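2 protein chains.
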Amino acid sequence: MHGLKRERGILFVISGPSGVGKNSVLTQLLKEVPGLCYSVSATTRQARKGEVDGVNYFFMTREQFLEKVETGDFLEHEEYVGNLYGTPRGYVEKELSEGCDIAMDIECRGAAQIKRMMPEAVLIFLTPPSMEELKARLLARSTDSQEAIEKRVKKAEVEMGEIYTYDYYVMNDDLRTAVEDIKKIIGAERLKVSRLKRPSVTK
Amino acid sequence: MHGLKRERGILFVISGPSGVGKNSVLTQLLKEVPGLCYSVSATTRQARKGEVDGVNYFFMTREQFLEKVETGDFLEHEEYVGNLYGTPRGYVEKELSEGCDIAMDIECRGAAQIKRMMPEAVLIFLTPPSMEELKARLLARSTDSQEAIEKRVKKAEVEMGEIYTYDYYVMNDDLRTAVEDIKKIIGAERLKVSRLKRPSVTK
Numbered sequence: 001m002h003g004l005k006r007e008r009g010i011l012f013v014i015s016g017p018s019g020v021g022k023n024s025v026l027t028q029l030l031k032e033v034p035g036l037c038y039s040v041s042a043t044t045r046q047a048r049k050g051e052v053d054g055v056n057y058f059f060m061t062r063e064q065f066l067e068k069v070e071t072g073d074f075l076e077h078e079e080y081v082g083n084l085y086g087t088p089r090g091y092v093e094k095e096l097s098e099g100c101d102i103a104m105d106i107e108c109r110g111a112a113q114i115k116r117m118m119p120e121a122v123l124i125f126l127t128p129p130s131m132e133e134l135k136a137r138l139l140a141r142s143t144d145s146q147e148a149i150e151k152r153v154k155k156a157e158v159e160m161g162e163i164y165t166y167d168y169y170v171m172n173d174d175l176r177t178a179v180e181d182i183k184k185i186i187g188a189e190r191l192k193v194s195r196l197k198r199p200s201v202t203k
Numbered sequence: 204m205h206g207l208k209r210e211r212g213i214l215f216v217i218s219g220p221s222g223v224g225k226n227s228v229l230t231q232l233l234k235e236v237p238g239l240c241y242s243v244s245a246t247t248r249q250a251r252k253g254e255v256d257g258v259n260y261f262f263m264t265r266e267q268f269l270e271k272v273e274t275g276d277f278l279e280h281e282e283y284v285g286n287l288y289g290t291p292r293g294y295v296e297k298e299l300s301e302g303c304d305i306a307m308d309i310e311c312r313g314a315a316q317i318k319r320m321m322p323e324a325v326l327i328f329l330t331p332p333s334m335e336e337l338k339a340r341l342l343a344r345s346t347d348s349q350e351a352i353e354k355r356v357k358k359a360e361v362e363m364g365e366i367y368t369y370d371y372y373v374m375n376d377d378l379r380t381a382v383e384d385i386k387k388i389i390g391a392e393r394l395k396v397s398r399l400k401r402p403s404v405t406k
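As given, the protein sequences belong to chains D and C, one line each in that order.
Start counting the first sequence at 1; every next residue gets the next number (our numbering).
Start counting the second sequence at 204; every next residue gets the next number (our numbering).
A portion of the hints provided could be inaccurate.
Derived contacts from chain C toward chain D, CB cut-off under 10 Å, selection only [unchecked claim]:
1. Leu207
2. Tyr283
3. Thr330
4. Ile366
5. Glu392
FYI, nobody ran anything at the bench for these hints, they're computed from the structure.
Since we're looking at a predicted model, the values are computed, not measured.
Glycine is no exception: its CB is placed at the ideal position from the N, C-alpha and C atoms.
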């Protein structure tokens, strides 16, 4: 029916244990799903050659970043190798209110933070076909020591237990199948009546 | 991951105003979606030649039917041209507990009854592209009087207001698109973490 319009965009958060292939899945989704936007993160690290502020990242000083943490302007944030990274709440809210759907990939801890800040976000948990397979993937792509890899596998095992706090689970055995599954989730979430703008009641 | 299993099947209820094309959509879905079963209704009408009890319908006497109404053994029921029709709760529960997903098409009143009896059922509201189009469809397929058709259009207008009690809405402008949209909904619902069997906690 004409007149059936969504209230606002949807935030899709793709997470799961380290090594499961979150970024490959997200990259493919952004290519294939019309109307799906990428969320630009904020960071305190130096811009690399060719990186544009507001496109690749919002670049800021550590002081600016920490001030925004204080004022609750990050949906989540974390420190990695001495630099701070975060998802700016204001940017995400603006995109959503303009009706854009946003997809992002993020570590489990960040996903949990986002769900607390924005319960209407749709959390998708990518699972490996098995822990053996996940370990093999971590080994294949890592230049880390055997010990460091074992540590990441242990962490992944703990993270697997977080699946029950998510909205959907998708197995990433084959990239194509995982992408198609998430496209179904995005398609269905876009058809939810609860996301419709309700007609204003006039008496 | 191995070990991620759904607790039970899902009941998909396809409804919407009279004339919107519920049955065409359901017929196509049952052909195309693996693991989707048809729900067998009960009725007090005489079996027609070739109809098999338990396959086309569960045939029963009016007394048997009314006794089951009394004991709450119908998810919904209604009278149509002097015969009673209903969805047997026991049959549906058995199929779902065996892990089968069920799809059925039903009038809005019946859909509302089912949601009350079984809140975990997934209600999908089929909408026409416009009320003008719905009226045209009712006119095209009906042998009724102009007056009877006007009455059905009025009823459809009231039923359109019920959309906000549903889980999903799908526009049936083009049958192919509507079927694809519902396939996304079925696919996504099958990936919901809340439908997973939780591991039993042992201490």
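Hint check:
no., hint, in the structure
1, Leu207, "holds (6 Å)"
2, Tyr283, "violated (27 Å)"
3, Thr330, "holds (5 Å)"
4, Ile366, "holds (6 Å)"
5, Glu392, "holds (7 Å)"
Hint violations for this structure: number 2 only, all remaining hints satisfied.
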